[in-house]
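Engineer: The lines below spell out each chain.
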Amino acid sequence: MSDALSPDPWQQLRRHTRARIALGRVGSSLPTKEVLDFGLAHAMARDAVHLPLDVAKLATQIEAQGLPTVQVHSRAADRHSYLLRPDQGRRLSADSLQTLQASMAAPVDLLVVVGDGLSSLAVERHVPPLLEQLVQRLPEHWTLGPVVIAGQARVAIADEIAVTLKARMVVMLIGERPGLSSPDSLGIYLTYAPTLACSDADRNCISNVRPEGLDYAAAAHKLLWLAREAVRLKVSGVALKDESDMKEVAGSLQIK
Amino acid sequence: MQYQATAGVHTYQFKDLKEVLAKATPARSGDYLAGVAAETYAERMAARLCLADIPLKHILDTPIIPYESDEVTRLIVDSHDAQAFATISHLTVGDFRDWLLLDSTDSATLTRVAPGVTPEMAAAVSKLMRNQDLILVAKKCQITTAFRNTIGLAGRLSVRLQPNHPTDDARGIAASMLDGLLYGSGDAVIGINPATDSIPALMDLYHLVDEVISQYAIPTQSCVLTHVTNQIQVMEKGAPVDLVFQSIAGSEKANHSFGINLGILKEAYEAALSLKRGTVGHNVMYFETGQGSALSANANFGVDQQTIETRAYAVARHFKPLLSNTVVGFIGPEYLYDGKQIIRAGLEDHFCGKLLGLPLGCDVCYTNHAEADQDDMDTLMTLLATAGITFIMGIPGADDIMLNYQTTSFHDALYLRKVLGLKPAPEFEQWLMQMNIMDAQGRVQPVTGQHAMLQNMPRHLLVAA
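One line per chain: the protein sequences are F and U, in this order. Take 1 as the starting number for the first sequence in my numbering and just add one per residue. Take 1001 as the starting number for the second sequence in my numbering and just add one per residue.
Please note that the accuracy of each hint is not assured.
Listed below are the simulated DSS-like cross-link pairs for lysine-lysine, each with C-alpha atoms no more than 27 Å apart in a straight line [said to hold, decoys possible]:
(1) LYS166(F) / LYS234(F)
(2) LYS1253(U) / LYS1237(U)
(3) LYS1140(U) / LYS1418(U)
(4) LYS241(F) / LYS1266(U)
(5) LYS1266(U) / LYS1276(U)
(6) LYS1237(U) / LYS241(F)
(7) LYS1320(U) / LYS1237(U)
(8) LYS241(F) / LYS1253(U)
(9) LYS1237(U) / LYS1276(U)
(10) LYS1266(U) / LYS1320(U)
(11) LYS1237(U) / LYS234(F)
(12) LYS166(F) / LYS241(F)
(13) LYS1418(U) / LYS33(F)
(14) LYS1320(U) / LYS1253(U)
(15) LYS1139(U) / LYS1418(U)
Keep in mind that the hints were calculated from the coordinates and are not lab data.
Whole structure, please, built from the sequences with the hints as guidance.
Structural biologist: This is how it looks when you write it as structure tokens:
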């Protein structure tokens, strides 16, 4: 450590938050170590955005839990178009639509869609254990369709998938945009009676699902609480207030 | 009116004013996404040539979103000050740029003219301005507001301390607050983006910040950035609310998607005023905006994202805010693709806001799926501080662990103050000196474990883990 550094004598507060506090300073600027730490975290997050989802591996893991899978793709041909054209990420490719129509079985109560979103890392790490918790807690009479794995997917693609498969409710498990300290955060979106006209206001969102944030059991609990309430009230989104016992649901659809 | 111009051998026709505005806009991904951007470089220049010859009077008389169907348009038209406009009413957009750059167009003149400038006029002229023009004119605009301190005086740069925590943990928030205060940040506002929208949990957050502000007698104000209807509820329940926050946009439909309208904002504004918590002034609102928000709500009506962003400033100025913040790179690369686009947008927003008379600050920021990095943020914050930006964000290490994006840090604010000789708001500066956090030259002071703020920590940090 260089002599130039003025350390901050409130290091002990770091145990209360993962925020980058008590970094110290050189003059009034960041010490070299902190500049490099930040650069490394940014590199990891950047790579997470561009890392393709290993769909075959994920399908194998899900099927090992006794759940069939179907693989589909959005209209965004690659990551570049995915990033620039969110509209393409919200719709199924023509081929995928046919695949789904062909696989159509009886309508289901709760359809699970898995989308790569902005972090395939989140999906690879958290979807299999979360599904396990979800299936364990599922009300007995509820039917679950095949788990649909969607590539270059935005949240709303789940609506089209659900409409095609005639699902009463759909849950989207999707990689959230990576943060510097959380390249692998998973988001959950629940939509009751999904249609192509649904907007974000029609969904309930549970965010920051990962062991360091909202853990799998708590996330599954919260999701099924919301799903039961959605069935009871026949609605999801802003009209369905989360009153399960925790308070980590990210509510804002706004700028910040 | 015919909208046409010749660029090279080709004459371009534009069907209406909003098409001219959109096609004259510097290239950005959100306008391509909306399908309103110029298709070639020549078409963009033709649109600018056409725009330069349009009289300001014509812009005033030609609403780009119909008066009958949009309350933001009605606000712009009905609140237009014809007397203030008289000074510039004979100018075209091109002439307006020239007039703005004249040495004789000084701060006092710009203040006098501001109520006569509509958002569309500001947006139009910005499209003919280079980055240096946007900086030079914004620098001349002087907008001062006050609550418990005075924001926006010449030679000052304020900072919003943003101590977010992903689960609203009181100790985590208090720790980030302490960190920021000991680095000299927090004079614009101490503003938390909560994870929760439960009313009891929000009440706790208001009390947390209020206790810290009272305990150390800090001349600053607090804000919890939850939906305005929640803030109305907590005020009814007696929460210590200083500033009322809301995200706003430039069309009635976009605002509707945010769950607000002008009536709701007025109700919140009046409720906050009635609390009389300001000591040196009564600017009680804090707004956030950002290019792309109208399109993302399918509420852009074929208007380019910069012009409709500027219309949000008309909503903001109606409520005399203490602070208005353009969150420039937050929504993502589908609106502003890279550092170049983010930098341009930040300078445009700041110029337009200041020209309209708003105390504009900027969340100089980007997400990890944008082609941008901290070097781009260094460039933009340095340009904005040169242009006299009212405030920037201060987040520990520039890394917001709740909202998952990167912005500016307490260290960044110290850098800007040092390089450009800027100081915090005067009341807050006095407090920093009294607390031995900063000296009279604005240098941050060494802090030991014996410092009063560490010896006498906020109660929230002392509660057993």
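Engineer: Each hint: holds or not?
Structural biologist: Now the hints, each set against the structure:
no.	hint	in the structure
1	LYS166(F) / LYS234(F)	holds, 16 Å
2	LYS1253(U) / LYS1237(U)	violated, 30 Å
3	LYS1140(U) / LYS1418(U)	holds, 21 Å
4	LYS241(F) / LYS1266(U)	holds, 26 Å
5	LYS1266(U) / LYS1276(U)	holds, 16 Å
6	LYS1237(U) / LYS241(F)	holds, 20 Å
7	LYS1320(U) / LYS1237(U)	holds, 25 Å
8	LYS241(F) / LYS1253(U)	holds, 23 Å
9	LYS1237(U) / LYS1276(U)	holds, 16 Å
10	LYS1266(U) / LYS1320(U)	holds, 11 Å
11	LYS1237(U) / LYS234(F)	violated, 31 Å
12	LYS166(F) / LYS241(F)	holds, 25 Å
13	LYS1418(U) / LYS33(F)	holds, 22 Å
14	LYS1320(U) / LYS1253(U)	holds, 22 Å
15	LYS1139(U) / LYS1418(U)	holds, 18 Å
Comparing the model with each earlier hint shows violations of hints 2 and 11; every other hint is respected.
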